[in-house]
Structure formats: C-alpha cells, structure tokens
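Residue numbers (the working numbering), protein chains in the order written: chain A, 1 to 295; chain B, 296 to 566.
Derived by calculation from the structure, the hints in this document are not laboratory data. The structure presented is a predicted model; accordingly, all values stated were derived computationally and were not measured. Some hints could be false.
Interface residues of chain B toward chain A, partial, derived using beta-carbon atoms under 10 angstroms [what the hints assert, rightly or not]:
{"#": "1", "residue": "F472"}
{"#": "2", "residue": "V474"}
{"#": "3", "residue": "I519"}
{"#": "4", "residue": "Q552"}
{"#": "5", "residue": "L559"}
Heads up, incomplete: computed chain B residues facing chain A, CB under 8 angstroms, no partners named [said to hold, decoys possible]:
{"#": "6", "residue": "L307"}
{"#": "7", "residue": "L382"}
{"#": "8", "residue": "R482"}
Virtual Cβ for every residue (Gly too), placed ideally from N, Cα, C.
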Amino acid sequence: MRWTARDLRSLGIGLAYLAPSLVLFAAFVFIPLAETINLSLFNTRATGAITTFAGLDHYLELLTSPAFRTGLLATAIFAIYTVPIGIALGLVLAVLLNQRLRAINVFRTMMSSTIAISAAVGALIWLLLFNPSLGLLNYLLSRVGVHGPEWLIQPTTAIIAVSITTIWLTLGTNIIVLLSGLQGVPEEIYEAARLDGARGLRMFTRITVPMVSPSLFFLFVVDTVAVLQAFTQIHVMTRGGPVDATRVLVYSIYQDAFQNFQFGFASAQAVILLLLVMGLTLIQFRFVERRVHYQ
Amino acid sequence: MKLGRVANYALLVVGSIIVAFPLLLALSYSLMSESEIATFPPPILPAQPTLDNYAQVFATIPIVRYLLNSFVVSSAVVVGQLLTASLAAYAFSFLVFRGRQVLFFLFLTTLMIPWEATIIPNYITIRSIGWLDTYQGLAVPFMATAFGTFLLRQAFLQIPRELWDAARIDGATTFRFLVSTVIPLSRPALGTVAIYGFLSTYNQYFWPLLITNQTLMRTTQVGIAQLRFEETLRWGLVMAGVIMVAVPTLALLVLGQRQLIRGLTAGAVKG
Chain A
1 MRWTARDLRS LGIGLAYLAP SLVLFAAFVF IPLAETINLS LFNTRATGAI TTFAGLDHYL
61 ELLTSPAFRT GLLATAIFAI YTVPIGIALG LVLAVLLNQR LRAINVFRTM MSSTIAISAA
121 VGALIWLLLF NPSLGLLNYL LSRVGVHGPE WLIQPTTAII AVSITTIWLT LGTNIIVLLS
181 GLQGVPEEIY EAARLDGARG LRMFTRITVP MVSPSLFFLF VVDTVAVLQA FTQIHVMTRG
241 GPVDATRVLV YSIYQDAFQN FQFGFASAQA VILLLLVMGL TLIQFRFVER RVHYQ
Chain B
296 MKLGRVANYA LLVVGSIIVA FPLLLALSYS LMSESEIATF PPPILPAQPT LDNYAQVFAT
356 IPIVRYLLNS FVVSSAVVVG QLLTASLAAY AFSFLVFRGR QVLFFLFLTT LMIPWEATII
416 PNYITIRSIG WLDTYQGLAV PFMATAFGTF LLRQAFLQIP RELWDAARID GATTFRFLVS
476 TVIPLSRPAL GTVAIYGFLS TYNQYFWPLL ITNQTLMRTT QVGIAQLRFE ETLRWGLVMA
536 GVIMVAVPTL ALLVLGQRQL IRGLTAGAVK G
C-alpha cells in the first residue's frame, strides 16, 4: 500500500499526540532496555563505562555460579510461599465479603486496606511483629506451647517472614480483584446449582472457583510478577541475608550493580528477570485472547 | 453458603481485625513509651498514651521535608501522567491514522518490561545528566503510563461519536474537542489514573533509594526506613514514623476507593 499525502498528514497529527509518551518511553524504557542487553555483553568500570567485550561470558558465569543458583532458588521459594497462599486467603475473604449485609462496605474497606500500604511501611511493622523478644508473634506462639524461632536470623525462617509480610501486602489487591470477579457471577448460576443440591464446600469448589478462574489466573500472573520485582521488604527486613537466603534475583541485581559495581554482570541478571516477566505476561495475554475467542 | 447472620458478622469482624491488626498495632505502639514497649508480655494497648514518639520523629528526621518531597514528586508524576496519557488515549480513540495499531502495540509492550530490568541504564543516564538528588530525577521517568493510557482510552471510547461529528460541523479543532468535551466527560477515569499514579509514586522505594543521597532529598519511604538503621532501634519512634507516612495513603484509600477499585479490576474481570 502506498502512502498518500493524506496518510502522512494524519500520521503526523497522531504522532504529535503520542509524542510526549513516546519520547518518555524511548528515554526511560526502550533505549535503557537495549542498553541493558548491550551492557550484559560487556565488562565495565566502576563508573559504568564499558571496557572490553565479554560476549556471553556473563551468562555462562551465571550458569555456573552457585550464588546465582541460590538466588533463583530463593526467588522460587519466595514465589511458592507467597502466591498460592495469598490468592487462597484472598478468595476466602472475598467470598466472605461478597454478601449483601448492612455495613459490608466497612469490612470491605478494612480488609482491602493494605492496597494503600507501602512495602516499606509494611516491612517495618512486620519487623516489629517478628522481633524475637519484643514482637507479639513469638509471644502468641509461646502461649500455645511453641518456641518461636529467631525469624530473621535463620535462613529458613527469614524467607518465611518476608513471604508472610508480602502475603499481607498483596492481600488487599487480591481481595478487591476476586471480589469484583465474584460480583460478576450471575445469581442464577448459584440458584441453579442450589436446585441441583449443591451446598457449602461443594458449591465453593464446583461453582465459585471455576466461575472466578479468570480472576484467579490474572492474580497468579500479577502476583508472581510482583514477587519477581519485590525489593523493598527485603531491603528493609533482611538485606538479602542471612547467608543469602533472601537474596532474590532483584536483590542480587541491586547488589551486583550498585554495591559491587559489576554493571555488566548485573545487566545479564536483569535480562533474565526481563525474560521471566515477559514470559509470564505473554502467557496472560494469550490466555485472555483465547477466552475472548471462545465467548 | 448460607451461614447465620450472626456467624457471618462474627467472621467478618474477626477477619477484618486480623487483616488490619498490624496497622492497628503500629498505631498503638506509636502511642507507647519505649520502656512500656520493652515490658513482657508484649503490651497491645498503651497504658498511658503519649504523643512523645511523634515529637521525637520531628526531632530525629526531617519528616516534614520528606513528606514535602514525596508530595511534590507524586503530584508532578500525576500531572505528567494525566497530560501524556490523555493525549495518547485521544490519538488511540478518536484519531484515525495508519500505523495506529503498531504504535498501540508498542505501548502494550512497555507493560511487559519491569522497571528493575532497565534500572541500571536509567541510573547511569540520570547520573550523567546531573539529576541525582533532584525532583526531576525522581519524577520525570514515570510521567508516561501505558496503563493509564489504556484506562483513558476505554473511557474515551464510551463517548458518543455524535458529539465528535457535531463538533466537527461546528468547526471545532481536533485539540479543542479534546479539551472542551472529551476531558470533562472523562473525569472519573482521570480520577482513577490520578489516584493510581499518586499512590504508586508515593510508595516507591527502590528508585528514590538509588538516586537520592542527600538527606534533604529523601522521600518519605526511604526516610522512615532509615529509622530502622539508627544506632539504637526505638520502636515507638519507628511506629510513629510509619503512621505519619501511611496516613496520607490511607486517607486516599478512603476518599478514592471507588476509583482505585476500578483501576485494579480494569484488566482482571472482563479480559
């Protein structure tokens, strides 16, 4: 197809409206993205200036690096602890909130309040809760006869502590998304199931869960991506420790780039992070597309 | 799943208290003296509520300056996002031109790129143009939003085409139609974008941590987190700081709940 003068003119007008966004995206998303990939192929000085070509060396180093493997493992454990429990908890609370009751909005606001809470604020509060001597958590555990651990001193419990904090931080979002998913389920479906004799748990597993499966899937992707990007709670609570137990991928990028000044090596890890997030998001897009086709 | 009404309320009350408990506890601890916090078993409510910790926050860190910094940066991001996103959404909804699909797809791809994956070159750029420790360094990188553009585009598409035709007949320019008709009719969606932009900027941590070194350019989140790394950790003080930093966002949640929910569920419910 040939471009006519009219085509060019309307494209010019369109671009004029898009220009502010496009300039910002170019400057802070697309060009930096290309630079990240480029940096991952080079060695750099502590200033960030490129010195020698490294080819795929940084990637090969990642493959053989035990620290990187530990980091990926920590990231995976973090995601496994956080995402399913966070979504399950959100679903239970959303079902509870999906009722026509007086003052239900007060409860909805209270339970979704964590959407407004920053990760820094949440991490500071939970730091106090997990404190072995002053914190309420170990005191409550001791009341039921359990000797609470030194949460942030031991590697296995530190990642649990960070995960609990993260579950709490994402709970508000999960509740709101699932609640609106539940509200989209027509009442007739419940009626029909009730006539067929479905009750209680059976109603929940056979009707409610399948009907909100698009929201569940959406949250699965969004929450996993959020976990992959989680930095604040780790920086405030554990600084990646103890013994690298919470040194997840993003924290490792931060340390290698801004504390060890190995920008090339850190950029290779950033590319891995990019691939993980892109993969997850593409799955989400395809899923949505398929659903639209079947409707 | 019909439970009795009383049982329902009981579950709702218990659930709400558990979810909100950490916040309520932070409030309670902010009103306790350090010696009371150190008693065993850990207290839940202050025996003699005191505002000392709040006074101590003012004496220990420049909290007013932190709040000011965060408000300036977040407001700038909101204004920037509203401008760039309305212009772009307008092009994607009312204007017809070749290449529109490709450009729309380009916007879409930015949603797949995590900020952390580009943070190293962005840091190097901001440093090289002398924007470390500046408001523009904190705000400008976030002034374009693909998410906000989509949200506004959805709202703009709801506006009847007849208005557009009528405006053309009246001789209104393309830009005038945006300013005098499209923007005023899309206030709820603009509100959603604004609240979203404000919350996400105000709650940022990684980027401000990276590009601010001077105490006076710190934002609230980075500023209060520093309290944790003081020589002696004073929990009452930290909790008072936490409450002061969380109050603006909680107020925003209560005031703009409807807008926030609309934003959160935009992508989730109906694909």
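We went through each hint and held it up to the structure:
{"no.": "1", "hint": "F472", "verdict": "violated (12 angstroms)"}
{"no.": "2", "hint": "V474", "verdict": "violated (12 angstroms)"}
{"no.": "3", "hint": "I519", "verdict": "holds (7 angstroms)"}
{"no.": "4", "hint": "Q552", "verdict": "holds (6 angstroms)"}
{"no.": "5", "hint": "L559", "verdict": "holds (5 angstroms)"}
{"no.": "6", "hint": "L307", "verdict": "holds (5 angstroms)"}
{"no.": "7", "hint": "L382", "verdict": "holds (5 angstroms)"}
{"no.": "8", "hint": "R482", "verdict": "violated (20 angstroms)"}
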